[in-house]
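Kindly generate the complete structure, drawing on both the sequences and the hints.
Here the sequence shown stands for residues 210 to 476, where the numbers follow the numbering used here.
If you are wondering where the hints come from, they were derived from the structure by calculation, not from laboratory data. Backbone N, C-alpha and C define an ideal beta-carbon position, used for all residues, glycine too. It cannot be assumed that every hint is accurate.
[Claimed, not checked] In silico DMTMM-like cross-links for lysine to aspartate or glutamate, where the CA-CA straight-line distance does not exceed 25 Å: (1) Lys420 x Glu435; (2) Lys420 x Glu449; (3) Lys305 x Glu449; (4) Lys420 x Glu297; (5) Lys212 x Glu435; (6) Lys271 x Asp240; (7) Lys271 x Asp339.
[Said to hold, decoys possible] Taking CB as the label site, the calculated pair distances span: (8) Asp230 x Gly390: 42 to 48 Å; (9) Met276 x Arg424: 41 to 47 Å; (10) Thr249 x Gly380: 40 to 46 Å.
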Amino acid sequence: MHKNELTLCGLAAVQARWQRDPAAIKRLFFDEATGRRIGTICRALAASRRVYRCVPAAELEKVAGSMHHGGIVAIVDAPELQAPPARELAAWAAQKQPLLVLDRVGNAHNLGALARTAAFFGVRHLIIPDAPTAARPNDAAYRVAEGGLEAITVWRVPALPAFLSALRTAGYDVVGAAARGGRPEVHGAAPTPIALVLGNEEHGLAPEVAKACSRLVTLPGTQAVESLNVSVAGAVLMWELWARRQTPPPRPATRPGSSPKPRATHA
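The structure is reproduced here in structure tokens:
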């Protein structure tokens with residue numbers, strides 16, 4: 210595999226890429242069981258004369274570089290990460306786009322898990338810093354994301370504190386997650402677009418990043434353990450900040466064959 214290529218493992222990840230950009234798949238390898246489920250993809254690859262092949266388990270593991278390949282491996286070009294143009298920030302704010310910002314989250318599995326949750330809750334933009342300790346969308350991240358990285362755009366910015374300041378200028382409420390010392394109140398003003406900032410697994414938010422946030426929040430717990438894993442904390446905060454207010458309340462349950470009683474009205 211070439212340096213600028215990566216492997217997408219697992220049927221969910223491969224199908225998500227196929228649905229978003231069929232031409233992106235350069236080569237495809239799969240086991241016999243999975244091959245029976247991807248006839249449409251194989252026919253299209255054959256028509257465009259791209260490589261696709263059913264291979265033994267040992268060869269599939271070698272292609273994937275991992276035993277966790279899920280029965281299928283697609284070879285695609287690695288993404289080129291860029292910084293968002295300044296005009297995009299104002300457009301995102303006007304559209305009330307939620308943003309997920311990661312401050313040197315170093316584990317690719319955590320990056321993938323956060324991307325999966327973000328996609329589930331409708332987040333379309335994820336921002337990481339151009340730092341050597343920050344995980345990037347690699348093979349492991351795509352595998353854990355289960356197709357989530359196909360639903361969002363990953364941006365890379367040179368200086369995170371300056372970017373967060375620009376977000377605040379654009380109208381964002383920049384909410385930093387702190388293991389301790391933040392306020393327990395998570396919700397913000399509903400009309401205000403929110404950018405959630407999650408810190409490094411061991412060190413949390415860098416001081417200059419925390420200072421650039423509008424506010425810091427801390428999830429209250431029992432103190433039986435020090436903190437949550439960053440991907441779990443991120444999921445809880447995404448629900449509280451964005452998804453919860455967008456979810457309609459459940460309708461009252463009614464028995465089969467019955468209808469809700471009409472409410473009394475007063476003149």
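Hint check:
no.	hint	in the structure
1	Lys420 x Glu435	22 Å, holds
2	Lys420 x Glu449	22 Å, holds
3	Lys305 x Glu449	16 Å, holds
4	Lys420 x Glu297	23 Å, holds
5	Lys212 x Glu435	39 Å, violated
6	Lys271 x Asp240	13 Å, holds
7	Lys271 x Asp339	31 Å, violated
8	Asp230 x Gly390: 42 to 48 Å	43 Å, holds
9	Met276 x Arg424: 41 to 47 Å	44 Å, holds
10	Thr249 x Gly380: 40 to 46 Å	44 Å, holds
The structure is inconsistent with the numbered hints 5, 7, although it conforms to all the rest.
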